[in-house]
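**Q** Sequence:
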Amino acid sequence: MKDLVAALDESRGSAAEYREVRLELRALERALLEVEVLSRSHASTVKLNALYGGKYHRKDEVTRFRAGINAHSSSINMLLATVNVNLAQTNHKDISDRLRESSNRQNALIQKFRDRLEENNALVSARNAITSKFKEALRFESFTQFGAEIKDFMLRIININIATYNTVISIQGVIFGGQRSLTHEPFILEDAIGRISPVHMQFINSWDAFDAVFELRFRKIQGHTKVKHREYTLQEHSTKREISRTRHWEGAFLPGQRIDMRLIFDSKEQSLIGTSCPSCKQVSEDSQDSEIQWQVIKQQLSVWKLTVN
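The sequence shown runs contiguously to residue 309 in full-length UniProt numbering.
Watch out, some of these pointers could steer you wrong.
DSSO-like cross-link-like pairs, simulated, lysine-lysine; straight-line CA separation at most 27 Å [said to hold, decoys possible]: (1) Lys-133 / Lys-151; (2) Lys-240 / Lys-151; (3) Lys-135 / Lys-151.
Each pair of labels, with its calculated beta carbon distance range [unchecked claim]: (4) Leu-79 / Glu-36: 43 to 53 Å; (5) Asn-205 / Gly-68: 50 to 60 Å; (6) Glu-250 / Ala-126: 28 to 38 Å; (7) Ser-96 / Val-168: 27 to 37 Å; (8) Arg-219 / Ile-243: 57 to 67 Å; (9) Ile-243 / Ala-122: 17 to 27 Å; (10) Asn-161 / Ile-264: 23 to 33 Å; (11) Lys-228 / Ala-126: 35 to 45 Å; (12) Arg-156 / Arg-219: 35 to 45 Å.
Calculated from the structure, these hints are not laboratory results.
Glycine included, each C-beta is placed from N, C-alpha and C at the ideal position.
Produce the complete structure using the sequences and hints provided.
**A** Structure (structure tokens):
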């Protein structure tokens, strides 16, 4: 002990720190000397026995305390293991549900693609029939009737080909898009006054939300009453297929799809005087049973697309 104190006196470094260590070692040395003197002068006293007894008693308490800590540590480790297993099962179920949902959507798109291909094949067959009629018409020099039929069928074939192309693009997005959801791509809506807006299906996720946003867009604009009472239709731009509101929201539209909105005007007055424009009252020469689309020039040269049944 004396040698250690002397070594600390001679060492270099932080003087304050070494000075404190030196004082503590000297205090320890004095305490040890007093213990030695006490043990020599009083071989066995009541105080020493009490100190020894207290020492062993505290040792037993420390041992019991360590055993309790080990028991609690084991319980905590078991709880952590159980929680990790439950988390793993939950993550597995979540991943399985997402994969199942993605597979169902992909199967629906594939089925729709097959339906479009069948319809395209039917139109090709019809085109071949029209071609045969056209060849026959060349012999009798009657071009007018068959020319109109050819034009109509060619337009239908072009529309079906465009729709088929869009479906193929959607399927490619599902196959090569990884975990990216199809709902991340909006569909395009053109309303009755010609405004084109993307509709994000992850933001507007129900018919109620769509109606609320749509009503706000027509607030203080002509046509707000029609929109508020849902007197309008939604049609697919390429095929003119009407979107039914009875279908579930996520299954009614496709990402990237072009949708047109038409206001509906239907009154007893119009049925008595014939089919007329709701704005200028011009009477149409078409049958009342057919659908008529009017383009009405309103304020600021905006075009209204109206449908009269």
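**Q** Quick one: which hint numbers does this structure break? Sort them smallest to largest.
**A** The structure breaks only hint 8.
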